[in-house]
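Chemist: So the sequence lines, in the order shown, correspond to chains A and B. Residue numbers for the first sequence follow the working numbering, beginning at 1 and rising by one. Residue numbers for the second sequence follow the working numbering, beginning at 1 and rising by one.
Do not take every clue at face value.
Facing chain B, according to a computed beta carbon distance under 7 angstroms, are these residues of chain A, among others [stated by the list, open to error]:
#1 E15
#2 G46
#3 M78
#4 S97
#5 G183
#6 P237
#7 C239
#8 S240
#9 K242
#10 I252
What the hints contain is simulated information worked out from the structure, not anything from laboratory work. For glycine and all other residues, C-beta sits at the position ideal for the given N, C-alpha and C.
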Amino acid sequence: MPKVTIDGQTIEVAEGTTILNAARQIGGELVPPAMCYYSTLKGSGGKCRTCLVRVTKGSEKDPRPMPKLVASCQTPVMDGMEVASKSDPSVVEARASVTEFLLINHPLDCPICDQAGECHLQDLAFEHGKAKTRYEFERRTFEKIDIGPYIKLHMTRCIMCFRCVFTAQQLCPERVHGIIHRGDHAEISTFIEKSIDSEFSGNVIDVCPVGALTDRTFRFKSRVWFLNPMDAHRECPTCSGKAVVWMYGGEIYRVTARKDKYGDVHDFICNTCRFEKKGKGDWTVEGPRDIDRHSVISQNHYEHGEKTVR
Amino acid sequence: MARKLLLEHAQVPGINTYEVYRKHGGYRSVEKALKTMSPDDVVEEVKKSGLRGRGGAGFPTGMKWSFLAKPEGVPRYLVCNADESEPGTFKDRYLMEKIPHLLVEGMITSSYALGANTSYIYIRGEYSWILFILEKAIAEAYANGWLGKNIQGSGYDLDLYVNIGGGAYICGEETALIESLEGKRGNPRIKPPFPAVKGLWQCPTVVNNVETISAVVPIVNDGGEEYAKIGIGKSTGTKLISASGNINKPGVYEIEMNISVEEFIYSDEWCGGIKNGKKLKACVPGGSSVPILPHFLVCKTANGDTRMMTYESLADGGFATGSMLGSGGFIVYDEDQCIVRNTWNFSRFYAHESCGQCSPCREGTGWMEKVLHRLEHGGGKMSDIDLLVDVAKKIEGNTICPLGDAAAWPVSAAIRHFREEFEWHVNEPRAAMERNYGLVTEKTFAPAS
């Protein structure tokens, strides 16, 4: 099994593991941020370039360093590889510049965005962004689009991570989700705004790292930090039925799938569970869910779990 | 008179037909390869020739071919990259228009060398009429037994198809080309795996430029060593140069890679000097992606050597004082041309052609285009110049495919060498607009924002 050293910490991982996943196995500060890689979606990753790292030693056999920064989510580890993540200033600078690129066309109106508080871009900007933008032109905007009765698409906020496209490809039997145009005018589209008629379409909301795809049954009902996430399950004929219900008082405001520490869903849930079962009698509540509330909005509000202030 | 290997018969009437082409020694390389050489012999011959990829990167072709994985029972493919979309480059178009059979012949010989039984020519959508020229040539080759089953009784089978693209620059990147050929959206793939291992339909694939594949024909005919005698050092053989800009005789020229840049620009055999007797201002020697050279670095390198039309000499001095031979799109600018306007035009092209997959290129190219537009149209600020350098630096090397680099290099090089002109655009916006766009009065002057 190959041994890899990331920021001075060595770990032995299975053959074919990527640098990012090896870093996640070590955990802590050295884990590169990832906006487009999604562990449970095949083919995702490599696009956002936030997870860039420097390979200072290629492998035991070929110790040459790699000439450019590499996307850690795509580069498999080699035995004896040495990687610099947060310890290398050029890596930190590259991440900061990718953050800047992602933010030049992204609206900076977090207070009115439904994703605020659980937005990965917000976290990324908090860690790597600057207080002032150098972009002085009009930002790219789009009209909001309803994809069926449950999902709202707001392309203005999209960072083109392609996760929802992979979700549609891999979970929904009839693929009606893709990309039109190219360059900075590329758009996520459900080909001529056709609604997604799939029992699993709602999962595009969970995989979206930003507020581009949101839950129409929950939009602007509350803010995530007011709600109490509870692990819950129900007998569902379509999916695993394991979900998180977000409650306020005795009321269920929304249902999402269970996300791991890095925001990745392993058991995708169906639309019935997500959008239609919001009565308390529908769910067996197991207990509070521990969520890594690392977002800027939850700073100093939540004591449990990992230390919140970075 | 310089030796010509590819365009020798380009002016012969009717060379685009099979009979005339055959009469002028056509398909000799296929005969020779199939009858007297093993596939590995052909690869060896190409290695000896020192032929380097003519699409821009200049990677040794023989080495690229020897990297091709050869697992049992898996088909291999040769794909010809005829998606020539680099601004300033039009050599492949000329070659395919004039002597389509040369490409077909090169495809057969190269496919034989690589053991491919199906090969593709991927041609850009804008060359729609060349599609018919090539298809006619292929049909003639089929009819005369140079393609199909059991070619000339050798037992080697080959099918050759022409595929037309949809008109995207990015489909000239080899993995995007493969995606497009498979019928998908032409987004570059993340490497590794390289096409030599997993390419078209997840099978080992070699992607080569039109000119590279055509050059295999003289290499097999005359031997690799003979080919390697032409040129200087590692730049062997002849190269097609698409000369354009403010010169007396723009066009496609086949040069031996042993002439100097000065000779190429001023000699009557080639470009014939700058038009209207004006002075040389700058030169882009290898297509829009390569760094621009100011007049004092065109004919001489930074340490005073004569600059030659070779891969090494044009790259002498690195990006600080050198450039690249690239795809051979040779653009010459006279003293009246505006570098800011030219840079804006290039960056507008890249912003339009970015595929939108990865963030630095998608957002960065658009941003540079907007800043350059503002600078060119009288609304620029002094800080914009450093901003451009910084944005270009942040795109470069951080993207999936080389388009990000190609967009960043011309901008940073233009500012490196012509910073005064950018500053002049900031300080004297009206004068700059008047020079570039004619009469601008106090009333009509409206700086862009």
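Chemist: Just pull the numbers of the violated hints for me, sorted ascending.
Modeler: Hints 1, 3, 6, 7, 8, 9, 10 are the ones this structure does not satisfy, whereas the remaining hints hold.
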